[in-house]
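Protein chains in written order, with this note's numbering: chain X, 34 to 336; chain Y, 11 to 265.
Quick caveat, the hints were computed from the structure, so don't treat them as lab data.
Keep in mind that this is a model prediction, so the values were computed, not measured.
By construction, the Cβ of each residue, glycine as well, lies at the ideal position given by its N, Cα and C atoms.
Some hints here could point you the wrong way.
Unchecked claim - Calculated cross-link-like contacts (lysine-lysine; reagent style DSS-like; alpha-carbon spacing at most 30 Å):
1. Y:Lys96 x Y:Lys175
2. X:Lys140 x Y:Lys31
3. Y:Lys258 x X:Lys183
4. Y:Lys258 x X:Lys140
5. Y:Lys96 x Y:Lys258
To be verified - Far from chain Y by the CB rule (all over 10 Å, computed), these chain X residues:
6. Leu225
7. Leu306
8. Met331
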Amino acid sequence: MTAIQITRVEKSYKALKALGGVSLSIEEGEFFGLLGPNGAGKTTLISTIAGLIRPDAGSVAIHGHDVVTDFRAARKMLGVVPQELVFDPFFTVRETLRLQSGYFGLKNNDKWIDEVMDNLDLTGKADVNMRALSGGMKRRVLVAQALVHKPPVIVLDEPTAGVDVELRQGLWKFISRLNREGHTVVLTTHYLEEAQAMCQRVAMLRAGKVVALDTMSALIRRISGSQLIVHLASGALPEGLRHLVVQDDDPNDKKFCLRVNEYAEVEQILAALRGAGVVIDEMQLQQADLEDIFMQIMDGGAL
Amino acid sequence: MNFISVGFQTLLYKESLRFWKVATQTVAAPILTAMLYLLVFGHVLEGKVEVYPGVSYTAFLIPGLVMMSVLQNAFANASSSLIQSKITGNLVFILLTPLSHREIIGAYVLASVVRGVVVGAGVFLVTVWFARLSFVAPLWIIVFVLLGAAILGTMGLIAGIWAEKFDQLAAFQNFLIMPATFLSGVFYSIKSLPPFWQAVSHANPFFYMIDGFRHGFFGQSDISPWISLAIVSAFFVVLATIAVNLLKRGYNLRH
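Input sequences plus hints: build the corresponding full structure.
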């Protein structure tokens, strides 16, 4: 089943086109990444999914419920962690979570609230006023608020911005568990290594349009392959391997960076080096990562 | 409208708890202000003005002050809660929920009624000792206090949705609510005004709320409480329709 169906969504703010006809289909149980530089339209898209922004054209449905015309059913399915660090200064952590449960129609939800607080390491702060919490702790409460009604679809808009390593690890452990239990997760983050580690599929936005959409592994494979870095102890690089060189800035002409599209090519390169009597001093296989792809796409590179 | 849904109850509880947690500012301060009005105006005008036959000026003033406090605090509750939530950004916690437009309006307005009634009861309790009050028609007292508070709660909701900055809300409060309450006959009977200002007062819906409320105490009023009830009810329906419409459109809330 489709968890989030985004169909040709457009949104403009005066002359600025924030979303220029975005279509995406996110399946139930997916861990989906929404990436792009600042101003690409990620938060506008998430706000449209959450019903905080009304699109000029197009539609969004959560588990088949339109977020505008059938907003009550759609919002019950959705838990959103906003990017801004917002809180209500009148209440404690526990009061905040009980109120949020109540808004979703849940009256006696303390068992789940305790579990969420425990997983986010908030139990010790349960009766502390929100004003007295550190930024990281407030961020944890925001995550907890989004989860109080056990939404089948969880949207996290840069949930780890400005938080320490401990929270990141704890948060990802908890979110991964929820994903394994069947919750769909949509994540935006500027930490590309997080997206690479967590997401099965990624969409990249640039200037309000989807410029890349694929599984993480296919995206990495499609862009630039891997690189084999060799440091020669003696001998020279055979002419037959020159066309593979992607980086050659060693003044001694001993260190080369060679493009490798498939692992089988490594053996062919080594055989060619042996055949030319070259002795290798040091060798390293470096895989392309999401950052390489991101930079290539955001620089306007074609896929 | 599902008035007993858990969502509605929770928002009502939250909005009531919000003002109760700062009761010094939201309850005690307006009671003190009303008390000062009574002491100053009562001292200066007692014995010099008789608005209704057999009713002292202080006795006349007390219901007016009670109602003025009810109205101003009902307005303040919804409007200040909304503008604070909008400016600090935590309104998102309401906007992300499946609460219906009517549940949201109902909860904000009812919480405003609660605050208005709590402050009004407080003002009554501290001022009632200064004059002999009668309670000729208590049902009118209840009807007008609830309806007046609901109207001002709805106005507060509309103002809170409309305003984007604190000073816009302050302008609404100082240039509309405050003059309308002061010029509604809290301190005087509009019959003591020149004909032109009497006519102007008849265009002020606040006048009917206070006049009808006062009728419940003395059995006397500037106009029939039934006419006041009809005008006040119509005013409430108009405001509630505007509020529902604003929320449906997401005006200034969902961009």
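Status of each hint after checking the structure:
1. The suggested pairing of Lys96 of chain Y with Lys175 of chain Y holds, with an alpha-carbon distance near 9 Å, which does not exceed 30 Å.
2. Of the supplied pair hints, the one linking Lys140 of chain X and Lys31 of chain Y holds, its CA atoms being roughly 22 Å apart against a limit of 30 Å.
3. For a cut-off of 30 Å, the pair hint linking Lys258 of chain Y to Lys183 of chain X stands: about 27 Å separates their Cα positions.
4. At roughly 26 Å between alpha-carbon atoms, Lys258 of chain Y and Lys140 of chain X fall within 30 Å of each other, so this suggested pair holds.
5. For the hint pairing Lys96 of chain Y with Lys258 of chain Y, the CA-to-CA distance comes to about 17 Å; that is within 30 Å, so the pair holds.
6. Leu225 of chain X, annotated as away from the interface, keeps every beta carbon of chain Y farther than 10 Å; the closest lies near 27 Å.
7. The beta carbon of Leu306 of chain X sits about 59 Å from the closest Cβ of chain Y, which is more than 10 Å, so the claim that it is off the interface holds.
8. Even its closest Cβ contact with chain Y, about 27 Å, leaves Met331 of chain X beyond 10 Å, as expected for a residue assigned away from the interface.
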